[in-house]
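Asker: One-letter residues, chain by chain:
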Amino acid sequence: MEVGQNLVKTVEAIDLVKQFDGLTAVDKVNMSVEKGELFGLLGPNGAGKTTTIKMLITLLKPTSGKALVAGFDVLTEADEVRRRIGYVPQESALDVRLTAAENLELFAELYGLPKSEIKPRINEVLELVDLDKRKNDLVAHYSGGMKRRLEISRGLLPTPQVLFLDEPTLGLDPQSRRVVWEFIHKLQKDWDLTILTTTHYLDEAEREMDRVAIIDKGTIMAMGRPEDLKTEFGKDVVELVIKSTDGGDSGEQLKSKLLSLELGTDLSVSDRKVRLGVPNGKTALPLIMHRIESVGLGVESISVRSPSLDDVFIKYTGRGIREDEGAQDSEDTKKQRAMMMARMRRRV
Amino acid sequence: MVLRATSAIWKREMRKWRRNRTQLISSLLLPILFLLVIGNAYSGTFSDIPVAITNLDSETPAQVFQEALQNSTSLSVVATNISISDAMAMIDDGKILGFILIPVNFSKTLLPLPWGVTVSPSTRINVTDDNTNLMVSQALEGLTAQVLNETLHDNRVASWFTDVTHLPFRLSELSIGKVDRYATGFTFIDFLAPGILLMTVLFTSLFAAGMPIILDREVGYFDMLLSTPTRRSDIVLGFTLAGVTKVIAQATFVLVIAIVLGIHMALTPLSLLYIYVLATLLGLGFVGISIAMSVKIELTAVQFVNGLINFPVFFLSGAFYPVESLPTWLRTVVYLNPMTYAVDGLRAVMIKGASILTVIPDVVFVGVFALLTQILGNLALYLALSGRQIRIRHRSQRTK
Numbered sequence: 056m057e058v059g060q061n062l063v064k065t066v067e068a069i070d071l072v073k074q075f076d077g078l079t080a081v082d083k084v085n086m087s088v089e090k091g092e093l094f095g096l097l098g099p100n101g102a103g104k105t106t107t108i109k110m111l112i113t114l115l116k117p118t119s120g121k122a123l124v125a126g127f128d129v130l131t132e133a134d135e136v137r138r139r140i141g142y143v144p145q146e147s148a149l150d151v152r153l154t155a156a157e158n159l160e161l162f163a164e165l166y167g168l169p170k171s172e173i174k175p176r177i178n179e180v181l182e183l184v185d186l187d188k189r190k191n192d193l194v195a196h197y198s199g200g201m202k203r204r205l206e207i208s209r210g211l212l213p214t215p216q217v218l219f220l221d222e223p224t225l226g227l228d229p230q231s232r233r234v235v236w237e238f239i240h241k242l243q244k245d246w247d248l249t250i251l252t253t254t255h256y257l258d259e260a261e262r263e264m265d266r267v268a269i270i271d272k273g274t275i276m277a278m279g280r281p282e283d284l285k286t287e288f289g290k291d292v293v294e295l296v297i298k299s300t301d302g303g304d305s306g307e308q309l310k311s312k313l314l315s316l317e318l319g320t321d322l323s324v325s326d327r328k329v330r331l332g333v334p335n336g337k338t339a340l341p342l343i344m345h346r347i348e349s350v351g352l353g354v355e356s357i358s359v360r361s362p363s364l365d366d367v368f369i370k371y372t373g374r375g376i377r378e379d380e381g382a383q384d385s386e387d388t389k390k391q392r393a394m395m396m397a398r399m400r401r402r403v
Numbered sequence: 168m169v170l171r172a173t174s175a176i177w178k179r180e181m182r183k184w185r186r187n188r189t190q191l192i193s194s195l196l197l198p199i200l201f202l203l204v205i206g207n208a209y210s211g212t213f214s215d216i217p218v219a220i221t222n223l224d225s226e227t228p229a230q231v232f233q234e235a236l237q238n239s240t241s242l243s244v245v246a247t248n249i250s251i252s253d254a255m256a257m258i259d260d261g262k263i264l265g266f267i268l269i270p271v272n273f274s275k276t277l278l279p280l281p282w283g284v285t286v287s288p289s290t291r292i293n294v295t296d297d298n299t300n301l302m303v304s305q306a307l308e309g310l311t312a313q314v315l316n317e318t319l320h321d322n323r324v325a326s327w328f329t330d331v332t333h334l335p336f337r338l339s340e341l342s343i344g345k346v347d348r349y350a351t352g353f354t355f356i357d358f359l360a361p362g363i364l365l366m367t368v369l370f371t372s373l374f375a376a377g378m379p380i381i382l383d384r385e386v387g388y389f390d391m392l393l394s395t396p397t398r399r400s401d402i403v404l405g406f407t408l409a410g411v412t413k414v415i416a417q418a419t420f421v422l423v424i425a426i427v428l429g430i431h432m433a434l435t436p437l438s439l440l441y442i443y444v445l446a447t448l449l450g451l452g453f454v455g456i457s458i459a460m461s462v463k464i465e466l467t468a469v470q471f472v473n474g475l476i477n478f479p480v481f482f483l484s485g486a487f488y489p490v491e492s493l494p495t496w497l498r499t500v501v502y503l504n505p506m507t508y509a510v511d512g513l514r515a516v517m518i519k520g521a522s523i524l525t526v527i528p529d530v531v532f533v534g535v536f537a538l539l540t541q542i543l544g545n546l547a548l549y550l551a552l553s554g555r556q557i558r559i560r561h562r563s564q565r566t567k
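Protein chains in written order, with our numbering: chain A, 56 to 403; chain B, 168 to 567.
Source of the hints: derived by calculation from the structure; they are not laboratory data. Some hints here could point you the wrong way.
Derived DSS-like pairs (lysine-lysine); straight-line CA-CA distance at most 25 Å [to be verified]:
| no. | chain 1 | residue 1 | chain 2 | residue 2 |
| --- | --- | --- | --- | --- |
| 1 | A | 170 | B | 178 |
| 2 | A | 116 | A | 64 |
| 3 | B | 463 | A | 116 |
| 4 | A | 290 | A | 310 |
| 5 | A | 272 | A | 83 |
| 6 | A | 190 | B | 183 |
| 7 | A | 116 | A | 83 |
| 8 | A | 241 | A | 174 |
| 9 | B | 178 | A | 174 |
| 10 | A | 170 | B | 183 |
| 11 | A | 328 | A | 298 |
| 12 | A | 188 | A | 241 |
| 13 | B | 183 | A | 174 |
| 14 | B | 178 | A | 188 |
| 15 | A | 190 | B | 178 |
Since this is a predicted model, take the numbers as computed values, not measurements.
Work out the full structure: start from the sequences and follow the hints.
Answerer: Structure follows, in structure tokens:
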């Protein structure tokens, strides 16, 4: 029994791989989440976040690799793992014709809570997410944010050691998103709960999470505290727009031209927008202007700001997290879609 | 309790079902509509068939016959004494469905030879009908014969005969004595009721058992169920039991409706038990099929696939059309259809009040069908739930 308690690493994945019909959705993921930590898997849609979570909560069998949750192997001790986790899926999975209390009652039974504890326990978790006064309302009358909170409270029924939240704020308005995060933080603090979430909202990852792993195409590209990742990137970010009248340079030509100028680190070019990292923005600006103009290019606008997680994301994946959603026909998207289809077929 | 998960899933399904008013109302309305509309629409009796009559005979028997035709509730005489060509035109226009011609020598054919005439084809009652309307056409011929028979039994015909011949009228009758074996006043709706009950069982089991599973699968609810430390077989059993409960409830609705509508039924506790045994077995059978399909089928295809099963199973079972009316090649399908045996058995226990012993072959056939599909359905769902996922360890293996 001390096994679970003394472990610092509550979740640990070692070389975790998942393939669907020959497509690799998760490729040798190594990560660990410490007790009481709020850890986020950050990546675009189809990056492998949900697949990783599903392996950790014993819903999918890893193709290879190993994972321990609360000290138990997800493959050989699935039952023990299931006893110690709460799961809040990405899609809303509630019975709208049932009341909140009835929705929870079913899962209290499935988690095997003692009969006498079911009612007080339901009240307790509903109180935590501030829904106790509406427990006898049909879920059909709930707002999106309330449904999400209800689902989180359902994940708390078994008094889990780890709570898995898959895109907890997906589809919610900004205000509801904030409320949901407040509850998540409260849980983390009051219950000393380890929370593993996924998100593709960079601002949330930056603001809410203790540690994040940037995952793209099934691979973890970077992992660490948001502040550390940002510092790694550089102290300041310079963004500038090259005048469109100057030359007919393609993006690649422009990039190589700018790279030769040695303006700063992690330079990226998108259309005519250039982004790069410098140790000190204020002193770097005149120098950058000077160097660009020396090769016959004009600067339309230029600005300095502190780095965001978005900059880190671009550094590791070569593109913005939201740009990816717009990319309709890229090979990546096709591959991701094929993978999602394969997953849907598998899912029962 | 070992089956806590099963009963929790069952409870959930029941709550969802109870609160789905559209589904509840339609499940009540469908059997009522079927019984009332089909049961009465084709009851074997007709009324107000539009016809025209032309009477060329002025003697009493012809008058009595015409009168009887006009008084018949089955007929509605819209024209009399019109020419044959006008009558044909009226049939063509759809104004009448039949034309009855009473020939000149109609009455005289009743008399013995010195007074009368020999019966020749031209002196018979002549019925011309719209034979594109098959059922009405057949009915008209039967009706005319029936009215003619009544006419011959009329006192006026007998006194006319005596007046002309000074002989007593003795009708030489050659008819079949028909004795109803069961309660009199037995109508088509009574014949239909067991079939409607089983049709409801069929529709409910196909729809209400698999549909929640398909929905749960598509919205990812199963992931939630499977992330809990519950045995997969307990979940499967919960869904199956919920499906069967819905079937039994549905059968009860139809029974109550049938009683309210005054349908002939054997209502002893024992016959009720037999009714439930047969209905439940058939329900179990199709619940199994429904669950097996729900593992693979997509939401948008449900109606189509269910229709593919419902339609032949219902219409090729003798529930609606008698098996005897089908061509031989189709009868093979009928004899392989479990619904056939359920209908046959149910008709016997429900209407005739037969003991279940007399329908044992029916019960065995439906029972074997239920057993096989239940194995299929539960296995399919169990494998789908645990197949590619991590299997839960058995309780006894859990230590500490």
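Asker: Hints first: check each against the structure and report whether it holds.
Answerer: Hint check:
no. : hint             : result
1   : A:170 with B:178 : holds, 15 Å
2   : A:116 with A:64  : holds, 21 Å
3   : B:463 with A:116 : holds, 20 Å
4   : A:290 with A:310 : holds, 22 Å
5   : A:272 with A:83  : holds, 11 Å
6   : A:190 with B:183 : holds, 17 Å
7   : A:116 with A:83  : holds, 14 Å
8   : A:241 with A:174 : holds, 22 Å
9   : B:178 with A:174 : holds, 16 Å
10  : A:170 with B:183 : holds, 22 Å
11  : A:328 with A:298 : holds, 10 Å
12  : A:188 with A:241 : holds, 19 Å
13  : B:183 with A:174 : holds, 21 Å
14  : B:178 with A:188 : holds, 23 Å
15  : A:190 with B:178 : holds, 18 Å
The structure is consistent with each of the numbered hints, conforming to all of them.
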